[in-house]
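Trainee: Listed in order, the protein sequences are those of chains B and U.
To convert, note that position 385 of the first sequence is 384 in numbering that gives the first Met the number 0; the numbers rise steadily by one, no gaps.
To convert, note that position 29 of the second sequence is 28 in numbering that gives the first Met the number 0; the numbers rise steadily by one, no gaps.
Be a bit skeptical, because a hint or two may be false.
Beta-carbon label-pair distances, calculated as ranges [to be verified]:
hint	chain 1	residue 1	chain 2	residue 2	range
1	U	96	B	376	17 to 25 Å
2	B	700	U	11	49 to 57 Å
3	U	73	B	474	58 to 66 Å
4	B	633	U	68	14 to 22 Å
5	B	359	U	11	29 to 37 Å
6	U	36	B	521	26 to 34 Å
Some chain U residues well away from chain B (every beta-carbon gap over 12 Å; in silico) [to be verified]:
hint	residue
7	31
8	85
9	114
Coverage of chain U stretches by chain B, computed from C-beta distances (three or more under 8 Å per stretch; other residues unrestricted) [said to hold, decoys possible]:
hint	stretch
10	6-18
11	53-61
Worth flagging that the hints you see were computed from the coordinates, not collected in a lab.
The beta carbon of each residue, even a glycine, is placed where N, CA and C say it ideally should be.
So the chains spell out like this:
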Amino acid sequence: MPLLSPVSQRTERALVALTDRPRRRAALAAAGALALVATVALQGVAWVDGVPLSGLLRVAQAASVAVVSGAGGLLLARALRRQAEPHPRVLWQVLLVTLGVLAVGRALVWALLPAGADDDTAAAYGFAKNGAPRIAGSLALMPLMALADLFVAVYALVRLREFVLFKRTRGAVRNWGAMLAAFVVAALLVEAREEPGAEFDLASQIVVGVASALAVVNAVRISWIVYLPLRQKLATIGLTLLLMAVFVVAADGGLTAGGTSFVAHYSPGLAVFIDLAFGFGALYSVATFLFLLFHLPTSTDFQRSAGERRALGALTDLTGAAFDPARLGEAIASAPVTGGSADRAWLALVDPLSGSLRPTVVAAHGLDLDTACRAADCEALFAEIDATGQPLRLDDAFADHRIHAVPDVRIGSLLGVPLVARGRVLGVLFAARDVAHAFERDDEDSLRLFASQAALALEHARMFEDQVEKERLRSELDIARAVQQRLLPQTLPDVRGLALCAASVPALEVGGDYYDFAPLDDDRLAVIVADVSGKGTSAAFYMAELKGIFRALAHRSPTPLAFLREANRALAPALAPGVFVTALYAIVDPVGETVQLARAGHCPAALVPAEGPVRYVEGKGLGLGLDRRGIFERTLNEIDLPLAPGDTLVLYTDGIVESRSEADEEYGYDRLLDALTRHRALDAPALHAALLDDLHGFLGTNPYGDDLTLVVLKWHGAPADASSDGAASESSLPPHRTRGPLSPIPALA
Amino acid sequence: MSNFSVGFRTQQDVCVLDLTGELDAHTAAELEAAFQKCIADNTPRIVVDGERLQYISSAGLGVFMAYVEDVREQGGDIRIAALQPKVFTVFDLLGFPMLFDITETVDEAVTRFATAPSAP
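Bound conformation, chain U alone (with noise of 0.2 Å):
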């Protein structure tokens, strides 16, 4: 069984997700529910935490993808940011930059948000 966890922090009224383990098939759920809390506490300024994001599969990434339109229809945004190099090589090969504000710490994605609100 994988190991994962999603961890709830507020950051200048930005929501940070703190990413633990490893994101797959099995533990996509809990950063659906994640997501789903920002959306439905009408706090759709996300800020995904990869630091301590081992590993993530397609389903992971589609995870991502199920819930950045209705996040950036309230008016906000996923910006993911401190991707592991590895972790990161998967994002980049599906061509997520292109899709997705990704940085290289929580606080420049945070200030991101202050400063540029929405996607490219």
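Chain B on its own, in the form it takes in the complex (with noise of 0.2 Å):
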């Protein structure tokens, strides 16, 4: 064979050149039209004669046919090159040829041929024995039957190549070219030692043998049956039947009646050829036959990993594409469908934000989500496969408790598997089938693999999602603290006798921490401490408007209550249900020497005196935006406070007290007392400090929940006292920004 190989490419190579160049071909067809002419005038020789061709002119018919050959079959086999998939329509095609040109032929020999030309001697078909032809339809039908064959036989070898390469390897190649060679050869020996219509000798019996056996070796490349959906393998089963039948039909000559004694009287040459190459067709056609038969009942089998290796490479393509768990459920849901492992199936995931174990059904496919639900208890069979881990699998549903007789809908056999990522069990995947015992071992690993990939693609879907969400929210977050900063006081009001001292550290979870100054006519102040319930850029935009609001209304407030009272009215509207804001709102009139002060629902003022004991003043009052029917307004105290020289007012939010330490303790109010107790002596930053001092040292490395604000008030007493100079530097100090002294906030763990 290895001899063959270079030999075969360069004929090959040779052959392919001649038909390259449109001139060629036409030089090809004028050669092949002329040799034609040639044979038919030779013929009618010997039919004139009476005698067939002998010596020098049967060299001549010979080469003529030769050529006519060649030439036909090159022209037709580059015509047809097109590579067509080996698919069972090209076969259909090849049929409906030869049963075509077949049934030309019969009615050209009905034509030509006299009548009385039904029984197959020679004489019936106009020919002596000798073997001469004796009739002009004879000589007629000679060339046509010739070209009509060797259409036929042409078309087939150059559809039937595809099919047999199919799987291109070396060694195919080989096999076909030498095929062919051994075809042609044959055929060129056949002719040169024949006599037209007369019986084979050993020599060439024995070349056409080997032409034979090398067709047979080439008719078992069938390779490309197996990609076949099912359908197709059963409806190709039938076609080969037909085409097994045409092309034994074809080499014998039946349908032609004759077609190849034509062919045979004409060139026994030609005639082995187009035998052979029939030959073959009907090999091919037979070995194709008995590979399907016997590769049928392991065909399903076939199909379904088939099926299975589809599923899982749709699967593999969707977790790259598919970040949105709600559609990636529907993919995992219908895989097991589409790969064939399942009539129906549905997904019922474990939903870990609410905390609930309870699976819920998410898709379904084959059944609505609803019929999903009332068909298997969900949750039990979800217990049942989470406390071992392991699939579930049974294999007479009806039986069991736990399926439900639904309309439309039959459970014969149930697989269970559960989607496990981390260590976690995120779901369980259903599939059913509508028989009992329908799931087998296969089944089982195949769909645990998909539920492994199924679990790590929701996974990654899920933890995308957070990523996402963590992103949106920490540009939320920037926001909302820029919008907080530019809100806050940039600078402290002055006023005789008070010093000030006032500052507000934001948590990194921003809060709604507000605190404002606002001046009012004869020299009183108005202090107000507000803390939005809710975080993040919500709380920071109703922070602007309480800003607004105080701009607009403490000047023409004239008491707390007042002030409050139109706060609530203005706000309650505007705030979403469940949310609502605390406030302390405080007027110091330092000519009166007294404080006014209204809680509404905030944490309480802490008055440190001069002397005395610190203390928290009491007062009833709701929260704003928590109510609108007047029980605001009714329940709401206001507490007048005298104003005694060294007197503090202390006033905050509850990040302070709520703080918590490593050890999981609140600062609480009491500690808060006992602090402020201990400092009481200081002035109003140094208390400030001291404060936040306190409170640093206790939550130690734990960060801050909340945002805490701290304002500092300590009254001097009146302008005309001595002890005022401090008070007057003191209270144009900057305030204490948001920073302050417990920069650098800690970052969250």
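Both chains come to you apart, so use the hints to assemble them.
Mentor: Quick look at the structure:
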């Protein structure tokens, strides 16, 4: 065989080159036509003489036939050269072409032969016993039938080549080349040695035998069949039987009523070539038929694993594309059905956010969500699967109490596979078949494979979502913090006799702390400290609204009560349900030496008198936004306190009292009071710093969970007092800005 | 992550929600779901049992505010019972006792539904 390879390659290249250019093709066609005419003329001579051709004429005839066949064959092969996929469709084409041409041949025979050409003798076909043509009809039929059969033979070979060389290996190509070469050699040999119409001698028979053997070798290359879908395989069985029949009949010459005979008398060599070609066609059809017959029983399994591979491939593609857990859920639920492992499937997931372990059906394929919930008790099944961590298979689902009868949906067998990612069971994929005992070990294994892929995909999709959410929140926080900074007072007011120190330290999750001052007419000062419930940008925006209300109304509110009532009326409709604002509003009157305050749900203000116990200022009051029906107005208390020099009023938000230490203990109101007592003698800034230090010491390395705000107002007495020297300079101190004594803000773990 | 759970039980056709753990922004959704369920089931008489409630944030308080109107519209109410002192302080500072009936025990709250069905 190695010897053949370079030879066959060169031969093939040479042959292809012959039909390469249009001019060459035209030349080839002309040569063929001339040769054809020559053969007819030569046969005409035989007819006239009554003796078959011999000697030089015989050689001329043979040569002409060779030219006709060669030219015709090459041109036809080139015309058919488009690379077709080995599809049963092509086999149908071959079948139809063969039948068509053979039918045409039959018609020609019927037209051109005299009546009575039904028996199979040479005489009936218009040939003398010695092989010479006897009637004009056979003279015409010879070239015609030869061309027709040649056409079919070449057509079949070219088309079948694609099937045989589906798996294009060097060996396969070599074998095909060898077979064709053998056909040609056999044809030439027979042409040289035989008389038209005579029996073959031994040498010819051997050569034909070798060619046939090579045909058999090529006939068993049928790997293209395996990849067909089942339905096509079944259709092809019928097709191969037909093809087999047609080729056999064609080779035998029966259909054309002696067509072979015509060709055999025209050129024995050509007849051999054609017969070998048809023989190969028949062999190929038989082989295909037998292959299919033996392959079909196992083809469903092959089908399934091919289907599973497809489904797995689809799932893998999807994990790259789908970051949407909902779409992913649908894809997961449909995979077992499209992969052929189940008739119906549905996916039940546990929702981690709610914390409860109740599975919900999120997607279903082959049945709707509602039916899926009703047909099987997902919770009970999930419980068992969750406990064992293994798939659960119900071979006789009807008998199980966890499966309920539902119209239109039969669950004969059920397979539940857990989706496990990072040690957690995310949910269960249920696959159902209509018949009992329908699942095998293979199905369990392949579904288990699905499920692990699916779990990973889901986990990734969720992580992606979380990440996107975090990013969104982070930028929200940045905006909120920027807004908050702008809303807080940039300078502290200058009120004679009053020392102020104020700071607000934002937490990483921005809250809604707010404080502000508004000097009123006649030397009074309004102070507000407020806390919006909730965090993030919405809290910041409510803060902004409150600031607007404060700046607008403070000047026009004679008392804290008046302001807070108006504020509630203005704010309550604007707040979302469940959102409220706590506030403490105080008016310091340096002339009257009093302070008036009202507490709307806020932490009580602490009073650190120059003498006497430190205490919280009690007073009832509902938070802002909680009520619009008058309860707020009716229940809000206003407290009047006298101010003696040295008295300190401390306003703050719950971020201080609710801060937790490393031991998870709250700072609490008692500790605050205690710290205030210890540092009561300090002036406003020092007291402010000392309190925050104390808090910081308590927190340790813990971060702030909430914003904290601290406003210290120390009354030093009326300006006429001597001790006020320090007060003036103190009150013009720049306020401690947000990064105060506690910067930098500890990062959250 | 905060630990929180809502237990469901019925006592004389009153829905009792047993809260356990810390109710804050992360866990508020559970309580919301519980309120929604009571409203959907048309059992608007609700008593929240705070015996095992360790902590409540403004977000948690907000949940009560968000659903109390709907519940009252259905002819029921939300009563709060058995709060731990620290937790009660939080409710009290905000003024909740003026909006909600807060009792010492669950039984008391349930009884009040029979005698005085709607809020003060």
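Trainee: Please go over all the hints and tell whether each is borne out by the structure.
Mentor: Okay, the hints, checked on the actual structure:
1. Take residue 96/U and residue 376/B: their Cβ atoms lie about 45 Å apart, and the range 17 to 25 Å is violated.
2. Distance hint for residue 700/B and residue 11/U: a CB-CB separation of about 50 Å, consistent with the stated range 49 to 57 Å.
3. At roughly 40 Å, the beta-carbon separation of residue 73/U and residue 474/B lies outside the given 58 to 66 Å, and the hint is violated.
4. Range check, residue 633/B to residue 68/U: Cβ separation about 19 Å, and the 14 to 22 Å hint holds.
5. The supplied range of 29 to 37 Å is met by residue 359/B and residue 11/U, whose beta-carbon atoms lie about 31 Å from each other.
6. For the hinted restraint 26 to 34 Å between residue 36/U and residue 521/B, the CB-CB distance of approximately 57 Å leaves it violated.
7. The beta carbon of residue 31/U sits about 9 Å from the closest Cβ of chain B, which is not more than 12 Å, so the claim that it is off the interface is violated.
8. The beta carbon of residue 85/U sits about 8 Å from the closest Cβ of chain B, which is not more than 12 Å, so the claim that it is off the interface is violated.
9. Residue 114/U, annotated as away from the interface, keeps every beta carbon of chain B farther than 12 Å; the closest lies near 22 Å.
10. A stretch counts as covered by a chain when three or more of its residues have a beta carbon under 8 Å from one of that chain; for the stretch 6-18 of chain U and chain B the count is 0, and the coverage is violated.
11. Three residues within the 8 Å Cβ limit are the bar, and the stretch 53-61 of chain U against chain B gives 4, so the coverage statement holds.
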